[in-house]
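Each residue of the sequence shown is one higher than the last, beginning at -11 in this note's numbering.
In case anyone wonders, no lab produced these hints; they're calculated from the structure. We treat Cβ as the ideally placed atom computed from N, Cα and C, and that holds for glycine. Hints may be right or wrong, so weigh each one.
Straight line, CA to CA, 27 Å or less: simulated DSS-like cross-link-like pairs of lysine-lysine [claimed, not checked]: (1) Lys60 with Lys72; (2) Lys17 with Lys124; (3) Lys124 with Lys104; (4) Lys124 with Lys31; (5) Lys102 with Lys50; (6) Lys17 with Lys50; (7) Lys124 with Lys50; (8) Lys31 with Lys72; (9) Lys31 with Lys104; (10) Lys124 with Lys105; (11) Lys102 with Lys31; (12) Lys122 with Lys105; (13) Lys102 with Lys60; (14) Lys72 with Lys112; (15) Lys105 with Lys72; (16) Lys50 with Lys104; (17) Lys122 with Lys72; (18) Lys122 with Lys104; (19) Lys31 with Lys50; (20) Lys124 with Lys60; (21) Lys122 with Lys50.
Restraint ranges, calculated between C-beta atoms of paired labels, are given here [said to hold, decoys possible]: (22) Thr110 with Pro52: 27 to 35 Å; (23) Glu90 with Pro49: 19 to 27 Å; (24) Ala114 with Gln91: 19 to 27 Å; (25) Ala77 with Val120: 19 to 27 Å; (26) Pro87 with Ser63: 31 to 39 Å; (27) Asp61 with Asp93: 33 to 41 Å; (28) Asp93 with Asp15: 32 to 40 Å; (29) Asp15 with Pro89: 21 to 29 Å.
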Amino acid sequence: MWCRYKGVGLVLAAALLAASCSSPAGDQKPVFPVRGQVFYQDKPAAGAFILFVPVNEPAEPKDPRPRATVEKDGSFALSTYGDKDGAPAGEYIVTVTWPGPEQDDRLQGHYADKGKKLLRATVKEAPNDLPVFKLKQ
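Could you put together the complete structure from these sequences and hints?
In C-alpha cells form, the structure reads like this:
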C-alpha cells in the first residue's frame, strides 16, 4: 500500500517541480532577429540608444520595447526579452538618443520624440536586416 502512495507522491512532486521551473516565456511574443546601422553625418553613431515603439502600442504596454545600443561600427542588434534576441513582428516608430560628454543628447532630442515619427521600421517574421538609418539635423 505504501508503494501505491509513493508513486502518487512522486507524480505530484514532479508536477510541482515542473510548475516551479516554468518561465513567463509562454506570455512572450515570438521575436525575430533585427540588425541595422545608424549613422550621423556619414559617421557611425557609436553609443546611440535605439528604441523601437510599436505603432499601435496600447496606453499601458505589457511587453518591453525592443532596444539596442549602437556599436563602434554603427551596427546594432535589437533586444526585447534577452540579449540580441530580436523583436516581435510589426510596424515601429524608431527613436534615437545619443548621450554625449557635454550634452544630454547630441541629437538635441530631434529623434527622441515618438510623436514626430521621423524614423520607421517594419519587422517581419524572419531575420531582418534593416536599411541604414541616416540621421541629420
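For each hint, the structure was consulted:
A C-alpha spacing of about 16 Å is found between lysine 60 and lysine 72, which places the hinted pair at or below 27 Å, so the restraint holds. Simply put, lysine 17 and lysine 124 have alpha-carbon atoms about 33 Å apart, too far for the 27 Å limit, and the pair is violated. For the given pair, lysine 124 sits about 14 Å from lysine 104 by alpha-carbon distance, which is consistent with the 27 Å threshold. Distance restraint check for lysine 124 and lysine 31: the Cα-Cα separation of roughly 11 Å lies within the 27 Å cut-off, and the hinted pair is therefore satisfied.
A C-alpha spacing of about 18 Å is found between lysine 102 and lysine 50, which places the hinted pair at or below 27 Å, so the restraint holds. A distance of roughly 11 Å separates the Cα atoms of lysine 17 and lysine 50; the hinted pair therefore holds under the 27 Å criterion. With a CA separation close to 33 Å, the supplied pair lysine 124 and lysine 50 exceeds the 27 Å bound. Our distance criterion of 27 Å between C-alpha atoms is met by lysine 31 and lysine 72, whose separation comes to about 23 Å.
Of the supplied pair hints, the one linking lysine 31 and lysine 104 holds, its CA atoms being roughly 23 Å apart against a limit of 27 Å. For the hint linking lysine 124 to lysine 105, the alpha-carbon distance of about 15 Å falls within 27 Å, and the restraint holds. As the CA atoms of lysine 102 and lysine 31 are separated by approximately 23 Å, the hinted pair is consistent with the 27 Å bound. At most 27 Å may separate the alpha-carbon atoms for a hinted pair to count; lysine 122 and lysine 105 meet this at roughly 15 Å.
This hinted pair checks out: lysine 102 and lysine 60 have alpha carbons roughly 25 Å apart, not beyond 27 Å. The hinted pair formed by lysine 72 and lysine 112 meets the criterion: a straight-line CA distance of about 16 Å does not exceed 27 Å. Using a Cα cut-off of 27 Å, the hinted pair lysine 105 and lysine 72 holds, with the two alpha carbons roughly 24 Å apart. With a C-alpha separation of about 23 Å, the suggested pair lysine 50 and lysine 104 falls inside the 27 Å cut-off, and the hint holds.
Restraint check for lysine 122 and lysine 72: satisfied, since their Cα atoms lie roughly 22 Å apart, inside the 27 Å limit. Our distance criterion of 27 Å between C-alpha atoms is met by lysine 122 and lysine 104, whose separation comes to about 16 Å. Between lysine 31 and lysine 50, the direct Cα distance comes to roughly 35 Å. Violation of the 27 Å bound is thereby established for this hinted pair. The straight-line distance between the Cα atoms of lysine 124 and lysine 60 is roughly 18 Å, inside the 27 Å bound, and the hint therefore holds.
About 31 Å separates the Cα atoms of lysine 122 and lysine 50, which puts this hinted pair outside 27 Å; it is violated. Restraint check, threonine 110 to proline 52: a C-beta distance of roughly 19 Å breaks the suggested window 27 to 35 Å. Under the hint 19 to 27 Å, the C-beta atoms of glutamate 90 and proline 49, about 33 Å apart, miss the expected range. As the Cβ distance of alanine 114 to glutamine 91 is approximately 38 Å, the hint placing it in 19 to 27 Å is violated.
Look at alanine 77 against valine 120: about 21 Å separates their beta carbons, and that is inside 19 to 27 Å. Range check, proline 87 to serine 63: about 18 Å between beta-carbon atoms, so the 31 to 39 Å window is missed. At roughly 21 Å, the beta carbons of aspartate 61 and aspartate 93 sit outside the given window of 33 to 41 Å. Checking the proposed 32 to 40 Å range against aspartate 93 and aspartate 15 shows it holds: the Cβ atoms sit about 33 Å from each other.
Distance hint check for aspartate 15 and proline 89: the Cβ-Cβ separation is about 40 Å, which falls outside the suggested range of 21 to 29 Å.
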